[in-house]
Structures are given as C-alpha cells and as structure tokens.
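S.K.: Residues per chain are reported as follows:
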Amino acid sequence: MSAPLVDEKNKDLKELVKREYKEGFVTDIESDTFEPGLDEDVIRRISAKKEEPEFMLEYRLKAFRRWLKMPEPDWAHIDYPKIDFQAIAYFSAPKEMPQLDSLDQVDPKLLETYAKLGIPLEEQKMMNNVAVDAVFDSVSVRTTFRETLSKAGVIFMPISEALQECPELVKQYLGSVVPTQDNYYAALNAAVFSDGSFVYIPKGVRCPMELSTYFRINEMNTGQFERTLIIAEEGSYVSYLEGCTAPQRDENQLHAAVVELVAHKDAEIKYSTVQNWYPGDENGKGGIYNFVTKRGLCKGDNSKISWTQVETGSAITWKYPSCVLQGDNSVGEFYSVALTHNKQQADTGTKMIHMGKNTSSTIISKGISAGHGHNTYRGLVKILKGADNARNFSQCDSLLMGDRCGAHTFPYMEVQNPSANLEHEATTSKISEDQLFYLKQRGLGEEAAVSMIVNGFCKDVFRELPMEFAVEAQKLLEVSLEGAVG
Amino acid sequence: MLKVTNLHASVDGKEILKGITLEVKPGEVHAIMGPNGSGKSTLSNVIAGRDGYEVTAGSVEYLGKDLLELEAEERACEGIFLAFQYPVEIPGVSNMAMLKAAMNSIRKYHGQDEIKAGDFLKLIRQKADLVEMKHEFLKRAVNEGFSGGEKKRNEILQMAMLEPKLALLDETDSGLDIDALKIVSHGVNALRSPERSMVLVTHYQRLLDYIVPDYVHVLANGQIVKSGDKSLALELEAKGYSWIEGIDDNQTTAAQAS
Ligand SMILES: Nc1ncnc2c1ncn2[C@@H]1O[C@H](COP(=O)(O)OP(=O)(O)O)[C@@H](O)[C@H]1O
Ligand SMILES: [Mg+2]
Numbered sequence: 001m002s003a004p005l006v007d008e009k010n011k012d013l014k015e016l017v018k019r020e021y022k023e024g025f026v027t028d029i030e031s032d033t034f035e036p037g038l039d040e041d042v043i044r045r046i047s048a049k050k051e052e053p054e055f056m057l058e059y060r061l062k063a064f065r066r067w068l069k070m071p072e073p074d075w076a077h078i079d080y081p082k083i084d085f086q087a088i089a090y091f092s093a094p095k096e097m098p099q100l101d102s103l104d105q106v107d108p109k110l111l112e113t114y115a116k117l118g119i120p121l122e123e124q125k126m127m128n129n130v131a132v133d134a135v136f137d138s139v140s141v142r143t144t145f146r147e148t149l150s151k152a153g154v155i156f157m158p159i160s161e162a163l164q165e166c167p168e169l170v171k172q173y174l175g176s177v178v179p180t181q182d183n184y185y186a187a188l189n190a191a192v193f194s195d196g197s198f199v200y201i202p203k204g205v206r207c208p209m210e211l212s213t214y215f216r217i218n219e220m221n222t223g224q225f226e227r228t229l230i231i232a233e234e235g236s237y238v239s240y241l242e243g244c245t246a247p248q249r250d251e252n253q254l255h256a257a258v259v260e261l262v263a264h265k266d267a268e269i270k271y272s273t274v275q276n277w278y279p280g281d282e283n284g285k286g287g288i289y290n291f292v293t294k295r296g297l298c299k300g301d302n303s304k305i306s307w308t309q310v311e312t313g314s315a316i317t318w319k320y321p322s323c324v325l326q327g328d329n330s331v332g333e334f335y336s337v338a339l340t341h342n343k344q345q346a347d348t349g350t351k352m353i354h355m356g357k358n359t360s361s362t363i364i365s366k367g368i369s370a371g372h373g374h375n376t377y378r379g380l381v382k383i384l385k386g387a388d389n390a391r392n393f394s395q396c397d398s399l400l401m402g403d404r405c406g407a408h409t410f411p412y413m414e415v416q417n418p419s420a421n422l423e424h425e426a427t428t429s430k431i432s433e434d435q436l437f438y439l440k441q442r443g444l445g446e447e448a449a450v451s452m453i454v455n456g457f458c459k460d461v462f463r464e465l466p467m468e469f470a471v472e473a474q475k476l477l478e479v480s481l482e483g484a485v486g
Numbered sequence: 001m002l003k004v005t006n007l008h009a010s011v012d013g014k015e016i017l018k019g020i021t022l023e024v025k026p027g028e029v030h031a032i033m034g035p036n037g038s039g040k041s042t043l044s045n046v047i048a049g050r051d052g053y054e055v056t057a058g059s060v061e062y063l064g065k066d067l068l069e070l071e072a073e074e075r076a077c078e079g080i081f082l083a084f085q086y087p088v089e090i091p092g093v094s095n096m097a098m099l100k101a102a103m104n105s106i107r108k109y110h111g112q113d114e115i116k117a118g119d120f121l122k123l124i125r126q127k128a129d130l131v132e133m134k135h136e137f138l139k140r141a142v143n144e145g146f147s148g149g150e151k152k153r154n155e156i157l158q159m160a161m162l163e164p165k166l167a168l169l170d171e172t173d174s175g176l177d178i179d180a181l182k183i184v185s186h187g188v189n190a191l192r193s194p195e196r197s198m199v200l201v202t203h204y205q206r207l208l209d210y211i212v213p214d215y216v217h218v219l220a221n222g223q224i225v226k227s228g229d230k231s232l233a234l235e236l237e238a239k240g241y242s243w244i245e246g247i248d249d250n251q252t253t254a255a256q257a258s
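These protein sequence lines are chains U and D, in that order. For what it's worth, the numbering used here labels the leading residue of the first sequence as 1, then goes sequentially. For what it's worth, the numbering used here labels the leading residue of the second sequence as 1, then goes sequentially.
No lab work stands behind these hints, which were simulated from the structure alone. From a predicted model like this one, the values you see are computed outputs, not experimental measurements. Note that beta-carbon positions come from the ideal geometry of N, C-alpha and C, so glycine has one too. Treat the hints loosely; a few may be bogus.
Below, simulated DSSO-like cross-link-like pairs (lysine-lysine); rule was C-alpha separation at most 30 Å, straight line [as the list claims (entries may be wrong)]:
| no. | chain 1 | residue 1 | chain 2 | residue 2 |
| --- | --- | --- | --- | --- |
| 1 | D | Lys151 | D | Lys139 |
| 2 | D | Lys100 | U | Lys475 |
| 3 | D | Lys122 | U | Lys459 |
| 4 | U | Lys459 | D | Lys108 |
| 5 | D | Lys139 | U | Lys459 |
| 6 | D | Lys65 | D | Lys122 |
| 7 | D | Lys116 | D | Lys100 |
Beta-carbon label-pair distances, calculated as ranges [as the list claims (entries may be wrong)]:
| no. | chain 1 | residue 1 | chain 2 | residue 2 | range |
| --- | --- | --- | --- | --- | --- |
| 8 | U | Glu433 | D | Leu234 | 34 to 40 Å |
| 9 | D | Gln112 | U | Phe85 | 57 to 63 Å |
| 10 | U | Glu423 | D | Glu163 | 41 to 47 Å |
| 11 | U | Lys203 | D | His110 | 30 to 36 Å |
| 12 | U | Lys475 | D | Gly64 | 34 to 40 Å |
| 13 | U | Lys430 | D | Asp113 | 32 to 38 Å |
| 14 | U | Glu433 | D | Asp113 | 51 to 57 Å |
| 15 | D | Asp113 | U | Phe85 | 52 to 58 Å |
| 16 | U | Lys475 | D | Glu235 | 21 to 27 Å |
Hey, can you work out the whole structure from these sequences and the hints?
M.R.: Right, here's the structure in full:
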C-alpha cells in the first residue's frame, strides 16, 4: 500500500507532525552512582547501601554465581550487538535521599520530572483513585496514598523498604515464581536489583484503588533492574499498572526487570503495563534494551491473573509475561499490543502453563509494525498431564504499515492431556487504501484516519486497561505512529 | 454548486472519463445512469478526491473553488459527501465513534467547537430513526457484519449526520429490496433542501420513482451521451440502453447481466 499513499502532499504533512520522543529529557540532578562494573564486591555494596538483611545478600551472591555460569540467550528473533556487562553501572540514586513520608523533602527537580511526565506526586493533584510508587533510576522516590492503603491492610511500598519492614514476607515469596536460575536476565536481576514495588493484599480485601509504579531511567550508562513482587491472599483483588520512560540518549541502556505475582485461592491480579521506554532514533541509534521476566502463579483454586500490555517503546523488547495455572479452575489472560516503528524490534508473547483441572487461558496479541520495525509473537501453551479439561483460546493479529516491516508468529503447543481444547487464530493485514479513503471522505485527516484504524485493531486489548490508562495508551500509539504511513 | 468541465481522467494510463461536462445548481437533484463500466463510480471518486486517478484535462469547480486542488478530507470538510457503492468495514471502530470524530474534524475545519456528547447522542438517535436503524447498530463496528442493505442505510445515516452541501450517492439502491429502497429513499428525500444538491448514480430507474430527479444524464463509455428530465429515465427503462446512440452492444449486455 505504500505507492498510492506517498505523494508529495503527504510527505509535507508527515514532516509537519513528526514529533520527537516527548519524554526524552534528562533531569540534571546530583546522584550517587557506582562506577561501571560487576563483581561480588559490587553486589555486597548494593546490599550494604540498602542495609539489607543477611539472607538477601546471600540470595544475591548465589544468583550472581549462577549467572556467571549461564550462557547469554540468543534464540529470540532479534538482533543486537553484544552487551558489555562490565560497562554498566549497577546502582544510581539521587544524592538527596528523600524521606518517603514527606513531599517537602523530595528534591523539587524530581517532582518536576514526574510532573513533566504527567505524574504529579502530590496526592491532591493525583488522578483519582490511583496510588503511585515512583522509581527514579535505582530507587523509589515516593509512594502516594500510603495511609488510605494501610487502613485497608494493603502494603504498597518499595521492595527495599519491605525488606526492612516485613522481611519474612519477602523472603517467603521472593524467587518463588521466577527462581534465580530461571534465565540469564532473571539471574542477573536477582543479583543486582536495587528496587521495585512490593504489594501485599490481605485475605478478602479488594484493594481500594489502582496501584501504579512509574519507572524512570535517568543516569547515563546505568542499568535498571527492578524487582516487583505482588501477593494476593485468598479472595483478594488488585489492579496494578506500571509505566516506563527514559531520556533520549545515543547509547543503549539495559533494563532487565523481574516481576512475580502470586494469586491465592479465589484471588485476582490484573497487571497492566504501558511501556514507553526511549525507542532509539529513526536510524536505530540509542534506545532501551528491555529484557524482562514476568510470571504469575495462580496458586489457589479459582484464582485469576491477567497481563495487559501496551508496548510502544524500547529499541529491543524481549518479554513473555506468563501464567502458571496451578490451582483448579484458575484463569490466565494475556492481552498485548506491541508496536514497532523505525528500527525497533520486539519479541514478545506469553506462556500459559496449565497444571490444574479445568484451567483456562486466553491470549489476544496485536502486533503493529511500521517502518523497518520487526514484531515477533512467540507463545507457548502447555497442558500438563493432570490438567483435565484445560482450555485455551489464542488470537494473534498483525497489522503491517508499509512494506519494509515484518511480523512473525510462532505459536507453540505442548499437550500432554487429551481432554484439552485449544483454539488458535492468526491474521495478518494491512491498512487498506479503501479504509483510508473512506475515513478521509468523512472528513478525517490521514493521521487521524490511520490512528482510528489502528485503535480499532487494538480495541480488544485497550478495553482491558483501566479507563485512564486506555486513553493514555491510545495517545501513545498516536504519537508513536506519527509519520508511519507510506 | 458544482461545475464539471470537459473532465478527462485515467487510471494506470487507461482513460476512463473522456470529457464530462456537468453543472449542478443548489437544490438540484441529478441522476446519472449508464451501463456497468461506463465510468459512474470513477466520476464520483474523482469528485470526492480518491487517490489513484489522474486528471489529464478539464476542471472541476465547487462553490467557486478549484476542487481538484483539495485533499479528499478537505473536500469532505467543504461539504462533499460520497455514499459508497461498496461501504468499507472498519473493525473495532464503532459507528458512533467514527461519526463523532468525523463530525468534530469537520467542525474544527470551520473553526467550531466540538459537539457536546449529549447533543451528539440526541442527534444520532434521531437520524438513526430516520433510516429505521436500530440503535444497537450505532455501537457496532463500522459496517462490520452488516448486510448489504444495512450498509447502504448506514451510508444515509452518515450523510444525515454530516449534512453535506453536495451528496454523491453511488448506486445506493443496488442490492436493496423494495422495503429497504423505500426507507433509503425516505431518508434521502428528508435531506432534500434548496441549499443541498445531490447526484444520484444509479443503474435502474426504479430508484427514481422514489427520489424524483430534476435532470437525468446517461453516461456511456466515459461520456455523457444524453441529458433530459425524468422522462428520459422512463424511456430508458422501456427501451434499454442500446436505444441511445454511442452505447455499443457489449455494454448493453453487461448492463443486462448485472
Ligand atoms: N482502479 C482501476 N484500475 C483499472 N481500471 C479501472 C479502475 N477503476 C475502474 N476501472 C475501469 O474503469 C471503467 C469504469 O469503471 P467504473 O467507474 O467503476 O464504472 P461504473 O461505476 O459505471 O460501473 C471500467 O472499465 C473499470 O474496469
Ligand atoms: Mg460503479
């Protein structure tokens, strides 16, 4: 469809609207950053900085020793220069460490940074009913609405703090879903993670508000290795959202996070991500390498975990949020929109591991490729022997814009129980010239028409997002796609 | 309103329109009839500004402006509406969302504020009633899973919402049973006004029993070969297209086959 759309007038239009990565600014703030490099001493220093309990240091060292022996994976459908792990700094914190209870003590520059990102940390200015934990480089700078949450018995705090306040809980669950030896990046994360969010919802509690964490990488040559742990006790419910941005830099930056979710009997966890890390420029220079391990364990009967993600950023995304359906009747869901533009590459998908009886899973994946972007869906549905009457429905749709981009779909199925019922649908489409003309004839400009068609394509995923974030996600797609037609 | 002068247009180097001249004044309804493949849709598309057509000679003037200078969306904002022969499906985009965006885009073009949500809802329900469309269709994705007749009614609904100055209706009647034809015609007639002009492209005179035109033109092989009043349509019906000079047997066969 490129030929009829690229006329001279459209080119002018494209130049006009081509916007830069809006979150690409750097905050000039004094920070305490380790020199690049990684060895046991660095790990000891991270642990000491955080005044961690002894078990944590041992956990980290064990993970590090494992990591040293593991080969770097290269099986994903992506292509990038080798990462020099000794050139990365593994800890960075703003020098003026804020007192977490009072905004007055937070560096105004930090507040400004988050305000610029549209995330005011003053509670009265906050979006209704959303509690935020803001993570700046390696540390959490502020968690809002603490009081309201603690009245409900909900614990929502930086994981570094949870290690001080409720170390037993952290010790019980940390690594219980993603063990340190799980994969290369998970092992690295276990060794060096500096912060992240910890959430605990007690039995029978419906978390009174959305919980959300905003991650921001600011320092140069700093890796971000956050660790998130969410535990939903019996009969509880929580909806959690993470947002991510980074300054625009010429060097690639590494982000290797681990997220673990545990849902007990009758509990439900909804985890949404709007990922807008810096994607690199149009020639593929700079951008975040996003290697993330996310896994949820539906531990109890009738538990439910859904992952919803909108991925527009990063130079490279390697990410497979997964569900282990251990409890009988448990439900796993994965809704994903991944957009790749310019030279971005995304290799993403999910794993649904059915263990319990009558477990069911749904996978809806929407990949959009524009420019030279490459989008790969890789999904595994595994039905174990004991999983009687397991069901899965998978739908993987790809939308191509232009003829230099690509979409690849790799659905894997491993079925060890004959009562399983699996359905898989896949489509690849292009925005048709008929559709564009139809919308233009109704008075919509080219960019508006494209964005309407793309939003329609993504609707099944967007409607899973909390209201405020669905709007945000739509806007994000709009900005990310500007100049993509042709 | 619309002044087409000696319009020549080609697709992929093949000339389809071979010198069309047509003037439509405010409030007039013109019918353009002709066998399949004579260039009726091409004419509508060129006026509406679809990409892929090359105008090799002639001019199109609309409300004193050179229409050919404008982008398709600008023409729409200036009040030109095309009811498509084959309405297009837009999966995942509700009829309502699309119409609201279209309406606001046109309002913005004219420096007006966005329509209030409440006003929009009232208006669209009222217009849906006009074309006897169930309100649940408003929430459904644009034309997705609509029957042929529902798609055509949806086009008229959109026209009623956008209130164009010049409406081009490309075979809005084809594929409609008699009840649907009456509903669509009623919708179109309700929009007739001294300020609004219409060009009805049709294959059959049947439509013209319900929407009575001021003028009838016969298009054949890229040219208007005959013009007259509504009696011309009746004559065509009685005698077939071959009665008119300049239409060869091939085209007549094509017309009868469809
Ligand atoms: N995009 C196109 N490419 C090539 N030929 C076309 C194209 N569109 C129309 N034509 C040709 O132009 C002629 C007129 O087509 P059209 O305007 O659709 O006729 P009508 O609407 O009167 O049936 C036909 O011979 C058709 O095959
Ligand atoms: Mg036609």
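S.K.: Would you pick out the hints that fail for this structure and give their numbers low to high?
M.R.: 6, 11, 14, 16
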